[in-house]
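As given, the protein sequences belong to chains A and B, one line each in that order.
Just so we're aligned: the first sequence equals residues 1 to 282 in the UniProt record's numbering.
Just so we're aligned: the second sequence equals residues 1 to 94 in the UniProt record's numbering.
No false leads were mixed into what you were given.
With a straight-line cut-off of 25 Å between C-alpha atoms, the simulated DSS-like cross-links for lysine-lysine are: (1) A:Lys88 / B:Lys69; (2) A:Lys185 / A:Lys174; (3) A:Lys185 / A:Lys43; (4) A:Lys120 / A:Lys43; (5) A:Lys120 / A:Lys185; (6) A:Lys81 / A:Lys109; (7) A:Lys109 / A:Lys185; (8) A:Lys81 / B:Lys69; (9) A:Lys88 / B:Lys20.
Hints were generated in silico from the structure; no laboratory data involved.
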Amino acid sequence: MTTQLMEEPPLGRVIVITSGKGGVGKTTSAAAISAGLAQRGYKTVVIDFDVGLRNLDMTMGCERRVVFDFINVIQGDARLKQALIRDKRIETLSILPTSQTRDKDALTKEGVETVLNELKEDFDYIICDSPAGIERGAQMAMYFADEAVVVTNPEVSSVRDSDRVLGLLSSQTKRAETEGADPIKAQVLLTRHDRGRIDSGEMMTVEDVLEILAVPLLGIVPESQAVLRASNVGTPVVLDGPSGAATAYEDAVARLIGEEVQMRVLADRRPGLFQRLLGRTA
Amino acid sequence: MSFFGFSFKPRRATSAQTAKDRLQVLLAHERRGGSTAPDYLSHLQSEIVEVIRKYVEVDDEGVDIRMEKGQDVSCLEINIELPCGATAVRGTQS
Ligand SMILES: Nc1ncnc2c1ncn2[C@@H]1O[C@H](COP(=O)(O)OP(=O)(O)OP(=O)(O)O)[C@@H](O)[C@H]1O
Ligand SMILES: [Mg+2]
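Produce the complete structure using the sequences and hints provided.
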C-alpha cells in the first residue's frame, strides 16, 4: 500500500569555510561555493558566523532583505524559516545572515547545534562562513563541521594561520571529540594566486604551500578583477559572467562533490589592447 | 543627452557606482538604528496573526514577513498562507 515515491533525504552536510587570518577570501569563497553547489541543484544554505560584522549579505546582494538573523533564531525571537532569505537568482540557494548588533557571545554551542540540525532536515549543503581569528565565532563555525575548506593565500602569515586552524579542526571540534567519528575532511583552497608574483619568486608556489600544510588541495583561485566587480554588485563570482575566478570556484565545487577535475589556473581572458601590443610581458 | 548621443564625461566604472549606491542605502538604515527593527517586527507579527485568527484559522508556520529596504521607503511584506480548507471562524470569508 505504501508504494509512495520516497523523496531522497537531504545530504545535510556541514562545510566550514575558515582560515585564521583575516581578509584572505573566506566570504568570497563561501558565496561562490554555495552558489556553485546550488547551481548544480543541491539545496544549499550559507550562514554568516561573523557576528557583529555582517558582510555575507552584501556579498550575496541581499542586504536590503534582512529582517531576522541567525542570533534572533538562536535566541528564540524568530523562527528559522523567517530568517532564511531565498536567493532571487537560484531557487535552491538560501542565506542565513548574522546579527550586526550583538556580540559573539550570543553564539551558544546549543543554539548553533539546534539551528544546524534543523537545516540538515532541508538542505544538502550547509556552508558556514567563519570569521577571522580563532575565537568564539570561528570555533562555533567549525565545531559541527563535517568538512572544512581552509582558505589560504600563498603568503607566510596566511599559511601559518591555516596550519593553526588545521590543528583546531583536528582537536577542538565535535568530530574530534567524538570517539569513533571520522575526522573532519579538510582541504586547502588557495586564493589570490598571482602567477606573475610566483614566477618572480615573490610568492610561494602551490607546491610549497601544500608541502607545508600537508592536506589535499581543493582548488586554486587566481587573483582576479572579477572578484571585486562581483562584490560591488552583490553577486557571487560564479554567477557574474565568465572569469578565471569563476572557473576556479566551479572546479572546486566539482571536487567538493567528489568529481575528479584536473587542477588548472586560468587567468582572466580579457587582455587589454596594451597587453596585446606588449605581448606577454608581465 | 549629449549632442552626438554620447557624452565626454569619463564613464564611471558601473560596478563601483552600484557598490556606492548599495552602501548608501544600507548605511542610511544602519545609522538610523534600523538593526533594532526585528524586535518590533516579531511583536507586530504575533499581533497580526492574532487579529487574523479572529476570522480564519491560520498556523504559525504559514506566516512570513519580508522586508525590502529602499532609499526612501522600505517595503514590509506579510504573507499569510491560508490552508485550503481554512475554516472561517466567523464572518463570510472563503
Ligand atoms: N581571488 C581574488 N582576487 C582578487 N581579490 C580577491 C580575491 N579573493 C578575495 N578578494 C578580495 O579580498 C578582500 C577580502 O575578501 P573576503 O571578504 O572574501 O575575505 P574574508 O576572509 O572573508 O575576510 P574576513 O576575515 O574579514 O571575513 C575583498 O576585498 C575581496 O574582494
Ligand atoms: Mg568574511
